[in-house]
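> Single-letter residue listing:
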Amino acid sequence: MTANRRSWPRATAYLLPFLVGTAIFTVYPIVYLLIVAFQEDYNILTREFSQFGLSNFEAVLRDPDFGNAARNTALYTVIVVPVTISLGLAIASLLARIRFLRPFYQTALFLPLVTSSVAIGMVWKYIYNADYGLLNFLLSTIGLDPVNWLNDPRWNMPALVIFGVWSALPFTILIFVAALQSIGEQYYTAARIDGATVVQRFFRITVPLMGSTIGLVAVLNLIDSSKVFSELFPLFNGSPGAGFSLYTVVYYIYEQLSAEWDLGRAAAASLLLFAAVLVLTLLQAVLQRTRRRRS
Amino acid sequence: MRESALNRIVSHAALIAASAIMLFPFIWMLLSAFKSPTEIATVPPQLLPAELRFGNFAFALETGRFDQYFLNTFIVAASVVLLSLLTSVLAAYALAFFDFAGKTALLALAVAFMMVPFEVLVVVNYDTVVQWGLVDTLVAQILPFTTSILSTLILTNAFRKVPATLRVASRIDGASSWAFLWRVVVPMNRPSLVTVSVLSAIASWNAFLWPLLVTNTTEKRTLTIGLYNFITEGGVRYERLMAASAVVIVPMVIVFLLLRRQIINGVSTQGMKQ
Amino acid sequence: MRIEIRELGRTFGSAPAVEGVSATIEDGEFICILGPSGCGKTTMLNMLGGIIAPTAGTILFDGVDVTKVPAEKRGVGFVFQNYALYPHLTVAKNIEFPLAIERVPRAERRRRVREAADLVQVGPYLDRRPAELSGGQQQRVAIARALVKNPSLLLLDEPLSNLDARLRLEMRVELQRIQREAKVTTVFVTHDQDEAMSISDRTMLMNRGRLVHFADPQELYDDPAELFAATFLGNPPINQLRGRIDDGDLTLADGTIVQGIAPAGLTVDAAIVGVRSETVTLASTAPRARARVEDLQYVGRDVYADVRLGDARLSALVSRREVDRSLVGTEVPIGFDADGVHVFDAESGRRIR
Ligand SMILES: Nc1ncnc2c1ncn2[C@@H]1O[C@H](COP(=O)(O)OP(=O)(O)OP(=O)(O)O)[C@@H](O)[C@H]1O
Ligand SMILES: [Mg+2]
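Order-wise, the sequence lines are chains A, B and C. The first sequence lines up with residues 8 to 302 when you count with my numbering. The second sequence lines up with residues 1282 to 1555 when you count with my numbering. The third sequence lines up with residues 808 to 1160 when you count with my numbering.
These are computed hints drawn from the structure, not numbers from a lab. Cβ coordinates follow ideal geometry from the N, Cα and C atoms, glycine included. Among the clues, some could well be false.
Said to hold, decoys possible - Here are the simulated lysine-lysine pairs, DSS-like style, with alpha carbons at most 30 Å apart:
1. C:K875 to B:K1384
2. B:K1384 to B:K1442
3. C:K880 to C:K900
4. C:K990 to C:K880
5. C:K990 to B:K1442
6. C:K875 to C:K990
7. B:K1384 to C:K900
8. C:K990 to B:K1384
9. C:K900 to C:K990
What the hints assert, rightly or not - Using C-beta positions, here's what the derived DEER-type ranges look like:
10. B:E1514 to A:S57: 39 to 45 Å
11. C:E939 to A:L145: 55 to 61 Å
12. B:E1514 to A:I190: 28 to 34 Å
What the hints assert, rightly or not - Some chain B residues judged to face chain C by a derived CB distance under 7 Å, without partners named:
13. T1446
14. V1449
15. R1452
16. D1454
17. A1456
18. V1465
19. M1469
20. P1472
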């Protein structure tokens, strides 16, 4: 009634500010990168290039630094995502069925959602301190040797992973709680009548019914952890860990730009990262569909 | 039928443990901000400061110029919230209430573009800001965030729930489509507007990579950048660093305590959107 | 306000929803648009309100062509079937809304809101929100909002259909009172014939997008222009006898002859004779035919007799005193009052006599 095909002039007027902003700061960079990635010998100052081709991709894939970055990123992701999801699901399934003290738990568990990762990362840096940090003190109380979390290449990855899981947990728990609350209470009541224990209920009801949400959260966490980069600033002063042990893909991109001024390579690496994430996302969607079809 | 008492006790115990771990860095930060340099480095670590010293905060605010950073951050965040709210409300109104050729395509494109992480686009945007001569200005920190695909989509969804007959009724009452937007649609959707504002306020307050790139002087830095430079320029003095971190974090914690429900709703719709 | 509608039409895609409607509504009249579901009532009303643009014809308000004037400039009041109150505003603010849009000065606004609220008797609820009101109260608020800007035309789309039966009867009376007090030309859509009959000065009867008959309710009933009008109005529905008329005598398909049911001299090859049940008399002193009583139905004060006349079934409203159960299964002489009998052309449905 209010709407008709002829209303586009008015609609455009309302859309205009949004379209202009998005065009300049989202659409233009995407298109630009898509083009630059295929321009060989691109000069950022003159904007000249020799020809269209795949040399940027070739260079990136041949670059041992990129290989190292990809390995580190994959390792980080492969640990952080499953750990976060398991812990998140366990905590969420406790929280979802509890009313007493819920606001307190929500506050405690979700607070990191609103805090700057740089600022709270500083606190972690202090906790990780080799000489008087809290974590080493805790280790010593159970008789373990102190660890040089931030300066020993072997311990950099664990330090980053712990911080990464801690940072990713709130969002994960929150989504799981929202999904769990939409599962009918009657399933749990029925299972309890059938004598299922808490653990049995978790594996026989929660996990199967949460299948699609787990997939979704996995993808979201995957997207997030594959971009691991800004966490390096508070913990390692922006260096990629001791001995490049935390040299990640986004760090590689960042370096191509800020140190090498090689926009073509940076764009190619960005596209490769985006493609990898996209492939994994689609894979998850396909798995989901076949699973649903089978059940 | 109720959960057995034992089950409930075990659940609470586990939740309390989890809460303690999640909360601990915040508590540790606040406690350490009041400590003296010796208290900070004692082994075994000392939980409570012997007295409440505000010197670390004073140092951060005055010597560390966190008063300036705070003001800058506030100006940037407030501008981003207001401007992105305005552009998103207008766009969402068009998407929810007008029918025009290409609307579906536009929505699909918006969702696709939202998937590309900002980190990837940062370079080109930096170049744009350089071209416009805006490096080291607050404007440069505001401009890229004056529109938000996420906010626009959340509001579009909310506005779609406004019954079409209300638009017809408002026309009979003499309201133009502009008046209908501001007098009916916007007041009816106050909760969604709050959610969207809070999400963009949090994102702006905590932004790091972009302001790191586009600022070089103390005068234009925001809190997160100030904090980062505090450590690189001033060396590691944890008691001061913790006070400075608290200055960055506490305002958002207060926002969270006040608007917990909206934030939780906002984040979960954000999660479901993607 | 006097409204002239000329050859008004509206098509959606290729299907006409309203076609060639012409009518004139006099200032201060209370008009009902009546008709079955989907006949175009809402479309008509929306065209009067400027909510839908006609695809043909013109509308004149006091002689001024308003066909192209959009809803926001027409200055009409509209009450929607679901009321369409603004959920975030209080009753007072809802009523005030049109005045706020018009930028009426504050003091005057307050006075007029008060007046409108008093007229529809929602004074006690001014600070509530629509969700905190009953259906009837919401409806009154919707009327107040429509009246507050002193419209010269008030349009209502089935405003009573969401109310329970009792409240519906109450609101009918209320609405008539309000309309008289406000002296506003009113067009009211309904598919309930009793509502139309009891409330309106004149009724526009519509069918399949066409205006079938526009007259005062009694005339519509007594003097239907088409078979559709005769069948749509009245409960039980009008009896129909199909056959050939020869000089006033009707021959049904099975050969039964009903003598002199139509005026002498009338001859129609294919006719439908409509007979209101209250004009059928059993044990008539001037019988037209013989008919068999099949059943008697007692409905409160009234008795309806199911009668078989040849291959046709008739329903006759009879007085309690005239009949008793022993009549069932017997044949009786049946007669008709001449002014309750209408003859229609079976093809076109047009009234012949
Ligand atoms: N927006 C529209 N698009 C397409 N067809 C429509 C539209 N509005 C109405 N129609 C059609 O026009 C015809 C008349 O509709 P209208 O709503 O005027 O009927 P109505 O008499 O008000 O019916 P009801 O008593 O059920 O409300 C119907 O056949 C309907 O399907
Ligand atoms: Mg209708």
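> Just pull the numbers of the violated hints for me, sorted ascending.
5, 7, 8, 12 and 20
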